[in-house]
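A.B. asks: Spelled out, the chains give:
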Amino acid sequence: MEYLYYPGCTLKTKAKELDAYAVKSMKALGVDFKEFDDWQCCGAVYPQAKDEIAARLSSIRALDEARKEKRDLLTICSACFHVMKRVNFDIASDIDIRTKANNYLELDIQYAGESKVFHFLEMLRDDIGFDKLKNHVVNPLTGRKIGAYYGCLLLRPSDVMQFDDTENPTIIEDFIRAIGAEPIVYSYRNECCGSYSALKNKDLVQNLSRNIINSAIQKGAESLITACPLCRYGLMQNDDLPVYYFTELLAEALGVK
Amino acid sequence: MSASALNDIREEVLRISGANPKKCMSCGKCSASCPASFEMDILPHHFVKNIRDGNIENLLKSKTLWKCLSCFACVERCPRAVEPANLVEAVRLAVIRKKGENYLKVDDIPEFIELDNEIPQQLIVSAFRKYSK
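These protein sequence lines map, in sequence, to chains E and L.
Sequential numbering from 1 applies to the first sequence in this note's numbering.
Sequential numbering from 1 applies to the second sequence in this note's numbering.
If you are wondering where the hints come from, they were derived from the structure by calculation, not from laboratory data.
Quick reminder that beta carbons are idealized off the backbone N, C-alpha and C, glycines included.
Treat each hint with caution, since some may be false.
[What the hints assert, rightly or not] Heads up, simulated DMTMM-like pairs for lysine to aspartate or glutamate below, C-alpha to C-alpha not over 25 Å straight-line: (1) K50/E - D8/L; (2) K105/L - E52/E; (3) K99/L - D51/E; (4) K202/E - D159/E; (5) K12/E - D108/L; (6) K23/L - D96/E.
[Claimed, not checked] One side of the interface only, derived from the structure: several residues of chain E facing chain L at Cβ under 10 Å: (7) A15; (8) P47; (9) A79; (10) Q162; (11) P183; (12) A198; (13) R232.
Turn these sequences into a full structure, and let the hints guide you.
C.D. replies: As structure tokens, then:
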């Protein structure tokens with residue numbers, strides 16, 4: 001498959017390693033991708049209200065660019081994936097949003113949700129395949145006990161995201177196995193860390209993160225991995241467990257770190 | 001606030017949320033699923049009930065507006081597809097869309113960054129989207 005890679009705001013600033021290791025890994029795996037240079041920030045949170053049209057436009061521009069390029073839109077950050085996928089669903093299913101957004105954007109051809117949005121992990125699972133990924137691993141992370149942190153954005157709402165089983169997901173555990181490490185399953189892995197509220201309510205984020213980290217430690221995790229810079233920031237409010245981006249471990253296993 | 005103004009807000013909340021609180025059977029699964037419920041003054045299933053019954057004024061002042069994390073656990077687990085998070089969001093918008101009611105202001109940001117240089121851009125963008133218009 002051919003991808004238009006959408007990096008997003010934080011991957012070009014505070015989470016440069018999430019982006020850099022993803023790009024190195026894609027090259028090592030021979031993924032056909034092209035980076036979208038002219039991207040605009042997706043807004044980081046999905047605009048839930050049906051009358052929020054302007055907040056959806058930057059996502060629609062990226063989705064339309066993918067259509068023009070005849071490529072699937074590839075995201076890495078959980079928030080970009082969440083926003084893009086849901087806005088794409090809206091414009092395909094809600095005539096009011098579709099009409100108003102298109103009236104504003106004046107595209108050559110109306111955009112009606114034709115592009116497909118993928119997360120990097122879906123690309124590994126569905127396009128490359130975890131079995132084949134194993135064959136590319138030159139430096140298996142043998143003996144490492146890693147907890148997958150899903151959080152909220154990748155999984156919910158399941159009818160739109162269609163990423164994995166929301167209550168018992170396996171995709172990140174399968175990824176951990178593919179790079180030679182041992183996945184640690186713990187009960188808080190799909191609980192929200194609350195990090196978008198960190199500016200106004202840091203105590204809440206610290207409490208929620210502590211529950212998540214403690215739950216992972218109790219099951220024997222020695223580190224966590226995530227796809228979301230904001231989750232990583234929230235989880236790092238507690239120093240008890242290192243939190244890595246999944247692409248960093250992928251690059252390490254592929255020998256391109 | 002006058003009764004007609006409050007009714008207007010209720011109609012607007014129903015319209016922009018796309019949610020139907022009449023479907024709620026008050027099972028409380030949303031409140032049980034909510035990771036922030038312990039900080040809320042009005043629990044998610046009570047929030048839904050208040051909108052259904054037209055009790056809007058206390059919701060506009062509710063702490064719950066600023067505690068909901070939009071993690072969609074309530075939306076996912078509701079057996080009646082009521083979408084409580086969308087109702088909370090719509091009431092929050094009813095507040096911050098009024099002039100002078102932003103919960104986060106641009107002038108607040110430099111101090112946050114000074115205190116913590118690790119704040120990711122994603123946090124600032126999402127906080128503005130949630131708290132300011």
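A.B. asks: For this structure, which hints from the list above don't hold up?
C.D. replies: 4, 10, 11
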